[in-house]
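In order, the protein sequence lines correspond to chains A and B. All residue numbers for the first sequence refer to my numbering, where the first residue is -18 and numbers rise by one. All residue numbers for the second sequence refer to my numbering, where the first residue is 15 and numbers rise by one.
If you are wondering where the hints come from, they were derived from the structure by calculation, not from laboratory data. Be aware that one or more of the hints could be misleading.
[Stated by the list, open to error] Calculated lysine-lysine pairs in the DSS-like style (CA-CA distance at most 25 Å, straight line):
hint	chain 1	residue 1	chain 2	residue 2
1	B	K138	A	K76
2	A	K326	A	K258
3	A	K127	B	K326
4	A	K148	B	K249
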Amino acid sequence: MADKEILMEVKDLVTRFYTEDGVVMALEGVNFAVYKGETFALVGETGCGKSVTSLSILRLLPVSGKTLRGEVLFHDEESKRRLGIKKEGPFDILKLSSKQALRMRGFSMSLITQDPMTSLNPVYTVGDQILEVLQLHKKLSDKQAKKEALRLLEDVELTPAEDIFRKYPHQLSGGQRQRIVIVISLAAEPALIFADEPTTALDVTIQARVLELLRELKEEFNTSLVLITHNLGIVAEVSDRIGVMYAGRVVEIADKYTIFKRPLHPYTQGLIAAVPKITEKKDTLSFIAGTVPNLIRPPSGCRFHPRCPYATDICKEEIPSMEEAEPQHFVECWNVDEVIKDLEKEECE
Amino acid sequence: MREYIAKKLAIAVLVLIGVYTITFFLTFMLPGDPARVSLGQHGSEEAVELIRQQWSLDEPRYVQYVSYLQLFIQGEMGKSFRYYPRDVIELIRYRFPVTAYYGLWSIIFAVAVSIPLGVAAAYKQNSIIDNIAVLISQIGVSLPNFWLGMMLIAIVAVRLGWVNPVPEVQYGYYWTPIGFFASLKDYILPILTVGTGMLASNTRLTRSSMLEIIREDYITLARAKGLSERTVVLKHALRNALIPVVTNVGLQFLLLVGGAVLTETVFGINGIGKLYIDAINYRDYPVVIALTLIYTGGVVLINLIVDLLYAKIDPRVSLR
Chain A
-18 MADKEILMEV KDLVTRFYTE DGVVMALEGV NFAVYKGETF ALVGETGCGK
32 SVTSLSILRL LPVSGKTLRG EVLFHDEESK RRLGIKKEGP FDILKLSSKQ
82 ALRMRGFSMS LITQDPMTSL NPVYTVGDQI LEVLQLHKKL SDKQAKKEAL
132 RLLEDVELTP AEDIFRKYPH QLSGGQRQRI VIVISLAAEP ALIFADEPTT
182 ALDVTIQARV LELLRELKEE FNTSLVLITH NLGIVAEVSD RIGVMYAGRV
232 VEIADKYTIF KRPLHPYTQG LIAAVPKITE KKDTLSFIAG TVPNLIRPPS
282 GCRFHPRCPY ATDICKEEIP SMEEAEPQHF VECWNVDEVI KDLEKEECE
Chain B
15 MREYIAKKLA IAVLVLIGVY TITFFLTFML PGDPARVSLG QHGSEEAVEL
65 IRQQWSLDEP RYVQYVSYLQ LFIQGEMGKS FRYYPRDVIE LIRYRFPVTA
115 YYGLWSIIFA VAVSIPLGVA AAYKQNSIID NIAVLISQIG VSLPNFWLGM
165 MLIAIVAVRL GWVNPVPEVQ YGYYWTPIGF FASLKDYILP ILTVGTGMLA
215 SNTRLTRSSM LEIIREDYIT LARAKGLSER TVVLKHALRN ALIPVVTNVG
265 LQFLLLVGGA VLTETVFGIN GIGKLYIDAI NYRDYPVVIA LTLIYTGGVV
315 LINLIVDLLY AKIDPRVSLR
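Looking at chain A on its own, in the form it has when it is part of the complex:
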């Protein structure tokens, strides 16, 4: 992966929500990179900041949310042309004016939302909702746009496209609607798509088909995909690299085989161990002791330390930084050496 071209670098992203109960420290220095053409999975429990990461980057946070710090460097010449950026090298999405951000959305990056049942506007036909994107970003005439929309519908195997085009969302099934959402997100051929739990609301059989479709389309349109999910099965299926999130930070990044075979962060280890395996004979399910921390008053230092079997004094005081513990395997842990030692011991036995 190292020789691949970088599309987006997220550096030290800090996002907070100002609520009546207090300030929610949703993201506390998120770091990761996405390469061109890859599927990068952001994995973590509910509330760890996966979706907030995507909304922060898309600059679509609700009014209560604010990105305080960080950089999102985007390497895409086409986007620069559209936004009128003359400067050499990547541009920082967080520094775009709101007008530029508007032109960037949908064109440079788009979103596949979680629940297909609620992601489409019930009062407009799906055709209208697809045309909107095509006319906005591709400047097509009505006729051309419609032709393109029909082609896209056929691409996601929604046929007869002519019929589907005229339908309202409520006349389609969940799987069909999710395909429409996919078409909408792809229509302007963005460089990057965020897919936020794209299959959670679907039946298992349809899930597989939609994921497969997503993978094919990603190849066809040569886009990168950031897949946000808590479902490790999906991650294993479709992703290239994985970033594991815990309480507002990405704690471990590696390719998917490494994450599953040789996780180094104690949290990732717990997460992988918690997936029941059919080949193992066990009476109890394994779990990570403790609960997800409250992000209004998060634990000091490493946010995982109250639940961590390796925790030492320094963990309580300082947040560890991301280190390359092994080639292309990044971990954020003070005691990663201990963890590696333990792993080696296990291997010997």
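We have chain A; now place chain B onto it with these hints.
Structure of chain B alone, referenced to chain A:
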């Protein structure tokens, strides 16, 4: 669609007959003899008896019931007791325009203010404009119409002297193209009186409905497409948010009649409301029954219009 309308209208006929039956027997159960009321205390027994015969009050109840029903089926409404021998239809035709005039303006005023206000309030939740909107709707909902009317007369008309306390406009003038706007000054107080309550409930409804909608996934998706805020709010959010508001506005057309009784009493307007309340006081049964039936017809018609609008706005609604 056509089938749906036909079915609704068929049901309407049954409803009208039911309402007629109930109103007929209820009005005739009221104490007091219309003939006696009309002649006053000093009218002689013979004269009262003569009038009773003239108005068919001496006939058995069921005969009267049937003869009125026959009349209505023929599209007639009988003659008023109080203004005998004038036709009820004529009275209503004479009184209706003014009520329709300020009623329509009240709704225009309420809708024109409440929808933008509700949208703005929801869009900038907890901002100053939101607080103002909430305050207006709280106050507006809790103020009784007649009290507000009297206060407006006392302050705006009497103390400040900006307008006449009682509208003085020539009959029918307000429905001419110029008069429609020129009469506004004369009817501004009744319009405000009736409109404020409507405005309040509409604002509240638009705001809450909008608040719900702008949190929907499809709004996030619309934004993620790169659509401008204007398009997101006015095209994607508003149309969905308006669905409950349409029902409310429909209901308000109906509340107008009830409100008219109070408003017209306060402002001394000779409209439908005044006719209604006077008819009850004077035991003018044909007018009471006719107005009740027209009102019922109005309810049915407005419900039908609301249903049709619903189907127009929301494709998920199918009329069957």
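Checklist entry - Hint by hint, which ones does the structure fall short of? => result No hint contradicted; all consistent.
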